[in-house]
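Student: The residues making up each chain are set out below.
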Amino acid sequence: MSQQVRVKINGEDAFLQENESVLNALTNRSLDVPSVCYHPSLGAVETCDTCIVQVNGEFVRSCSTVVQDGDVIDSVSPEVKQAQLIGMDRILYNHELYCTVCDYNNGTCEVHNTVKEMKINHQSVPFEPKPHEIDDSNPFYRYDPDQCILCGRCVEACQDVQVTETLSIDWSLERPRVIWDNNSKINESSCVSCGHCSTVCPCNAMMEKGMEGEAGFLTGIAKPTLRPMIELTKNVETGYGSILTISDMESAMREDRIKKTKTVCTYCGVGCSFDVWTKDREILKVEPQIDAPANGISTCVKGKFGWDYVNSEERLTKPLIREGDSFREAEWEEAFNLITSKFLGIKKTHGPDSMAFISSSKCTNEESYLMQKLARGVIGTNNVDNCSRYCQTPATVGLFRTVGYGGDSGSITDIEQSELVLVVGSNTSESHPVLATRVKRSHKLKGQKLIVADLRKHEMADRADIFIQPKSGTDIVWLSAITKYIVDQGWEDKTFLKNRVNGLQEYINSLATYTLEYAADVTGIPKEVLIQMAESIHKAETVCVLWAMGVTQHVGGSDTSTAISNLLLITGNYGKPGAGSYPLRGHNNVQGASDFGSMPDRFPGYEKITDDQVRAKYEKSWGVKIPAEPGLNNHDMVSGIHEGKVKAMYLKGEDMGLVDSNINYVHEAFEKLDFFVVQDIFFSKTAQFADVVLPASPSLEKEGTFTNTERRIQRLYQALEPLGESKPDWQIIMEIANRLGADWDYAHPGDIMDEAASLSPLYAGVSYERLEGYKSLQWPVAKDGVDSPLLFLDEFPFPDGKARLYPVEWTEPLQFDKEYDLHVNNGRLLEHFHEGNMTYKSEGITSKTPSVFLEVSPELAAERGLENGTLVRLTSPYGSVKVECHITDRVRGKEVYLPMNDPDEGAINYLTSSHADKDTDTPAYKEISAKMEILKVKGEDPLPRNNFRFGNPQPQIGVQVEKKWARPDYIFPGDIVKKGVGQHG
Amino acid sequence: MAKAITSIHRIELSEEEKRKRDLLEIEQLIADNKDVIKELLYVLTKMNNRGVLEGVGSLFGQGDRVLDILVKAADKPETANTIKNLLLMIGTLGTLNVQQIEPLILKVNNGIARVAKAEQKAGRASYLSIFRSLGDPEILQAVLFLLTFLKGIGENKKELERTTQPPEEQVMPVEQKEGILMQSGDAGRNEKGETGIRRGWLLAAAGFSLLGLTLSKK
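Those sequence lines, one after another, are chains B and U.
Numbering of the first sequence is given in our numbering, commencing with residue 299 and proceeding in unit increments.
Numbering of the second sequence is given in our numbering, commencing with residue 3 and proceeding in unit increments.
No wet-lab data here; the hints were simulated from the structure.
Built from N, CA and C at the ideal position, the CB exists for glycine as well.
Honestly, I wouldn't trust all of these hints.
Simulated DEER-style distance windows between Cβ atoms [as the list claims (entries may be wrong)]:
#1 B/R579 / U/A4: 29 to 39 Å
#2 U/A6 / B/F1096: 46 to 56 Å
#3 B/P522 / U/S16: 36 to 46 Å
#4 B/I432 / U/Y44: 45 to 55 Å
#5 B/I432 / U/L72: 41 to 51 Å
#6 U/K74 / B/A550: 42 to 52 Å
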């Protein structure tokens, strides 16, 4: 608890929290102080000078002044008002008020609201246009210098929240403005279009293009008419009062036709939530909220601007039924009838285990729950799985072995406050962009140390204090060697190990082989660097390890994940704020898909199928008999089809025909199915093999919950009606179940959650009421609703409450014949998501990243005569791809990088094998080598010049307001008032 | 064997089917909104009778052009000034207290009526008759009013001007302030408010009577 201080505010005694800003203290006491540039998520920017008050007789900016004991604060005297007014006048000199015809007139414009609040009717220095053009070049937002009040919020957000470091204000210009990089066009800069700037802009200077001409009733007027209209509005003003009244009325009218719906992002696993603004089916903008628990005001380009797919003409709107060589559109009734008769027939002829069910990490928790209930409770098979099998199941296993819960052990805020962040096999700033911003910010501003281990020199690597590039598939070796070195030095956390961990001695014995010399030899990391890393980890009070597919998609993926957890146990980095293990979840609901039981061996909440008591609980609730043996996982299902054991499959929201490894083999399996139902929003590659394709509704068209990487359960609300005849997945599954004889009666996804919560102890206290709006819960959730942002504070979920050190060994990665001489690394890009069926629908994203490309190193390019745009064929033992090259030093030597964003000839999984993690069957996507042939030397660079990767960021801290203050034409308003020089600046 | 296929035959509704479906949809809408539609038709008939519909039709038909012409016409100094004055007048009207003015207006009316009668009599006017009428208590009171009114005009009220004063120097007119105080429901303040209003009434009545008289003499 911070101490209280005694102050006098406007003559009255008051007690305030120490370290509180004067501005906060005043606003908390409902004393209105204008504060145009202040934003709670950005802190004091100090550019606008509207929050000036007097403290102990001196004029100060209240946003940046901290209360001291005995302070005498005056926020109401005429002198104070006069100083504030000078600040506001300077803003209005830079901003033209035409509120009624402004798209930003939605009740949140700080300029409008402050003019109203300060009762300003006229300004002393009239608005004067700036000699700068509007920059309209970026597809997602535009900058209008004439409306820009130079508050610098956008710069703060870009430099210190998003930390892309593109924006700054050029204070040296006669009329300053925001610039991108070294004053390039927005679209040719390093801007990643994350949208932070337009989110925090207090007015219409930096505005989402979706809003332009759409938000207001009069803003859609043709340009030639609009200008005289603005002039007219200004000419007839008798003072701003009447103008503001009219614009307030217009703004209130907008409320009626613009719908603002809270939703949760449907791309990666960070779990950003925000309001989406819609007008009929049109999406005007995405508006992040300070209250959003995972992301606050942050978004990435996909979450902020990547929603065009929802209204894509390619959306499925009617069921499709295979008939000969083509599909034909059919009515739901016919599709349901066909599915019912086929399912019943196959179940009868071949038994329930001849059927397989695949859930989607894109769908809601409730839908995952229903899918496994359909498989187990209606058909009677445990053959149900989801796509976490393709990514993070090894991490889950590694954590089950050691600490007992398969999820992030803390929250994003723990990562943010950690002293040292170790990133292994994760291109965090592109795969989990918003989570990465927290690391980038802490590293830039708060002295957080950053160690990155990756094959590729991506942005996180560029920023790292220590960056290592171990040989592919050898992470477990250096991790174990560092752990051993720490133990050898006696640096292990002895108290923690003694009180909270089992199996120490056995584990230490298992480390014997992992000497520094051995590790240096296997991984290629010099001994000194390993020691340096061990020392950094030892010195840090708190360590978080972030890992992703670079670890898990190997034949030893589960073991490496285990080794990470072992290292954290040895160093005592569990169960305290700022520490722990963070296997970053890839999809919006990859955590929830498994959490809610779409796994062959687990019920919801990870209770085991083989546990008789648990099974009995579900059997009693559902009134059925459930098989006691675990079912088939995704990988086994494909083999099962090849073997003729699996005859029918029901798959939703998963393009398995592209995202599984060795897809040629998967396609052959699909062809062998007797009956295949695919449920999707698009006609996917997988759907091409289906017998029935069912049109589903995406997140914006339904209600439900998603669980993010922090185990955080968040509600999404329905923003739009389902397109055409598409239906929410939960309704489709319920209909199928009921036609198969079940008697489900869920009126709303909340009913499904209630049932899941009543059965699974992990969510005992989860309910829709407790998740209302921006409220969220992190599992486990006790019956009384108490959740667990940070796990293992007191004990680990094992019978004796102690964690377990789990000895693991290195499994050598797959070896390929000499002819396959290039290692093909693969993974995500910031701007496209997976095969790209959602993100390529965005014209803006596609204009900046139109196609997949192969990153090749300058060395390889020189050796093979490759150029930007050279078309090559890569061939592995399993297949081949055709793709154009892009030369970059992000990769080195004989390693190439193929992003996974192509649904056609460039699809990475034509190359990958069916080899998999030995413990979980997660495909070893990262262990693939290929040979290269050049098909056409000359071509265009597949990465256009307007891609942010060609930009030239300009790092600086904040907006550098000192440069504004140092300008010869700047006088602090307080000084003007004091000297009585000119009344209005 | 289910090979990958990509061709899709969409359900193509024939023109007749589409029409049938649309008509069904409309029929349903009409049935659901019977009362609204009846009311709407009634209004529309009236509008049509007065030729409004035709005008509105043409207006919308040429929407952008009309708006353009309108806005450009309006964006001329004299038009802008008209609108501006209108807004100012509306603002000024807002500062009047009709409660106070009503009795005053009645008095002015009475004054005018008397003047009218006086003209009808068309009697001879003489200094003597003026002095004599000064003895009349009604006249005396009127003169007193006039003097007080003149005093009111003489007072500096620049701080109340909305069009010339910077906000930090803008003061609410006394009457408005008192109005707000009265709304606060404080009994003591109420009393004070009433006396304020009474005094205000005397002042204003005096002023306007003078004005009325001066005008009627011309």
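Student: None of the hints should be skipped; say for each whether it holds.
Tutor: Structure-based check of each hint:
1. Here the CB-CB span from B/R579 to U/A4 is close to 34 Å, well matched to the stated 29 to 39 Å.
2. Against the hinted window of 46 to 56 Å, the Cβ-Cβ separation of U/A6 and B/F1096 comes to about 47 Å, which satisfies the hint.
3. In this structure the hint that B/P522 and U/S16 lie 36 to 46 Å apart at CB holds, the actual value being about 45 Å.
4. As the Cβ distance of B/I432 to U/Y44 is approximately 49 Å, the hint placing it in 45 to 55 Å holds.
5. Between B/I432 and U/L72 the CB atoms are about 26 Å apart, so this pair departs from the stated range of 41 to 51 Å.
6. Separated by about 28 Å at the C-beta atoms, U/K74 and B/A550 break the suggested range of 42 to 52 Å.
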